[in-house]
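Engineer: Kindly generate the complete structure, drawing on both the sequences and the hints.
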Amino acid sequence: MSTARASLVAPGPRFFLLFLSDGSGERLACTQIPAVVVARFRYHPGARSHGCAVGDRARPGVGDDAPCALVLAASYVLVFRNSPLLVQLLFWYFGVATLLPETAMTWLNAAHTLSIGPVTLGWPSFEFVAGWFGLTCYSTAFIGEEFRAGLRGVPGGQYHAAAALGLGPFTAMRYVILPQALRIALPPLFGQYMNIVKNSSLTMAIGLAELSYASRQVDTETFKTFQAFGAATVLYIATIALIEVALAVFQHRGARMSHRS
Amino acid sequence: MPLSVLLDNLPYLLLGPFPHGPLGGAALTVVLALSSAILSAFLGLIGGIALALTRGWAHVVLLATIGFFRAIPVLMLIFWTFFLLPMLLHINVPGLATVVCALALIGGAYLSHAVHAGVIAVGTGQSQAALSLGLTRGQALRYVVLPQAVRIMAPSFVNQWVSLVKDTSLAYIVGVPELSFLANQVNSRLMVYPVQIFLLVALIYLILCTALDWCAMRLLSRHAYRSTTDKTRPDLPIAPAIETI
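Order-wise, the sequence lines are chains G and P.
So that you can map any letter, position 7 of the first sequence is 7 in the working numbering, and since no number is skipped, the others follow by simple counting.
So that you can map any letter, position 29 of the second sequence is 29 in the working numbering, and since no number is skipped, the others follow by simple counting.
By construction, these hints were calculated from the structure, which means they are not laboratory data.
Take the hints with a grain of salt, since some may be wrong.
[To be verified] Which residues of chain G face chain P? A few of them, derived with a C-beta cut under 8 angstroms, are: (1) Phe94; (2) Leu99; (3) Ile240.
[What the hints assert, rightly or not] With the C-beta cut set under 7 angstroms, the calculated list includes, among others, these residues of chain G facing chain P: (4) Pro84; (5) Leu86; (6) Leu90; (7) Thr225; (8) Gln227; (9) Val234; (10) Ile237.
Ideal Cβ placement from N, Cα and C applies to all residues, glycine included.
Structural biologist: Structure below.
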């Protein structure tokens with residue numbers, strides 16, 4: 001195990017290259033909750049589509065995925081990436097309300113509370129749920145692709161080395177491949193999180209009172225257009241800058257840890 | 001009957017009230033995307049070349065400007081252009097122009113970095129070789145570096161254009177009658193078929209984006225194939241010449 005860990009290659013300049021070659025180079029931003037949820041779901045398209053879409057025939061241990069899972073993941077990414085978020089949000093907001101059974105809708109619209117000690121969490125509005133769900137589904141496609149790119153960036157020799165050490169496909173993935181892939185995928189991933197922050201502004205179209213919506217409301221009520229939009233713009237830029245700082249801290253820490261090992 | 005309802009509304013979604021009124025719907029989406037794609041490519045080229053050529057404080061100012069456009073949501077920039085442009089120009093600017101302006105600025109900011117990255121990827125050796133041949137810095141960029149850089153950054157351009165097509169849907173916020181706006185209109189008129197309508201609209205966008213992506217990638221791969229075969233040909237007469245030396 002220790003040998004396998006020691007063989008982890010410091011990604012070095014690849015970081016930079018991936019960041020630059022990340023076509024869209026998009027670095028944007030949203031509410032915190034979708035980011036957390038996406039972080040939990042993101043493994044799915046990436047891990048699933050890895051085997052076939054990547055077409056890395058030379059790698060043992062991976063690439064034997066069922067083609068049906070691949071087709072599913074690839075079509076998910078195709079559909080969610082190639083249609084606008086706005087239309088997706090409108091679909092989740094207006095469409096799902098008619099698709100779901102009556103009881104589910106009343107449950108979603110009713111007030112629920114969850115008490116954990118002194119903290120009481122209230123159930124959010126249906127606008128919030130629809131916006132959160134739509135944003136999550138949309139971002140999953142992009143983040144899955146970033147993970148795939150990260151997995152592709154791990155040299156084939158690492159798979160062979162892990163297999164030669166007697167690691168099974170899952171252990172190899174967990175201890176050898178994923179840590180490296182994560183490090184490679186980190187900058188574009190943070191770019192995607194910035195995208196989520198920026199994309200969250202679209203939820204105003206379904207009536208969620210987030211920053212853009214609020215600034216527009218302030219503008220119509222006070223006619224102070226400059227101040228209203230200026231404040232919102234500054235807040236967006238501050239959020240993006242914060243994510244940028246977080247990335248720098250993560251990378252710095254990652255580099256130090258890989259030096260130590 | 002949802003299908004007949006959808007078929008009845010399909011011409012309206014695709015063209016808007018076109019023969020009898022202004023162009024709208026998917027056709028307007030294409031117009032919006034095309035004009036902002038051309039403008040953003042232009043801005044991106046200028047921005048990228050400027051990034052590659054400037055040093056010191058000018059470079060920092062440029063980076064900050066591009067960073068600003070990359071950090072704010074498209075929607076926020078549409079608000080800004082929508083309210084600022086008429087104020088600055090003292091004329092009534094149509095919503096369409098403000099959206100094109102916003103999309104071109106955002107696209108241009110992203111493409112600037114793509115172009116800059118392409119120029120870096122070509123390598124300093126190429127521009128040094130060009131300079132040593134007696135070309136000026138501008139000529140070296142124009143005839144040696146950029147033709148190679150464009151090939152490297154072409155996929156980024158395609159990516160950016162696909163996301164431009166998707167971003168045209170934001171014109172809905174300022175009342176430009178493109179596809180999403182009309183979809184919302186049809187939805188509020190019919191009331192009972194939101195699922196079918198938004199799925200149809202998503203499908204139209206999907207076809208637009210996938211077609212753009214597919215055609216561009218096909219073109220690019222053919223181009224790349226041709227350029228590699230071109231490159232091997234001039235080598236042939238050179239090889240014997242070296243042997244005679």
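Engineer: Let me make sure I understand: some of the numbered hints might not hold for this structure. Which ones are they, in numerical order?
Structural biologist: 8 and 9
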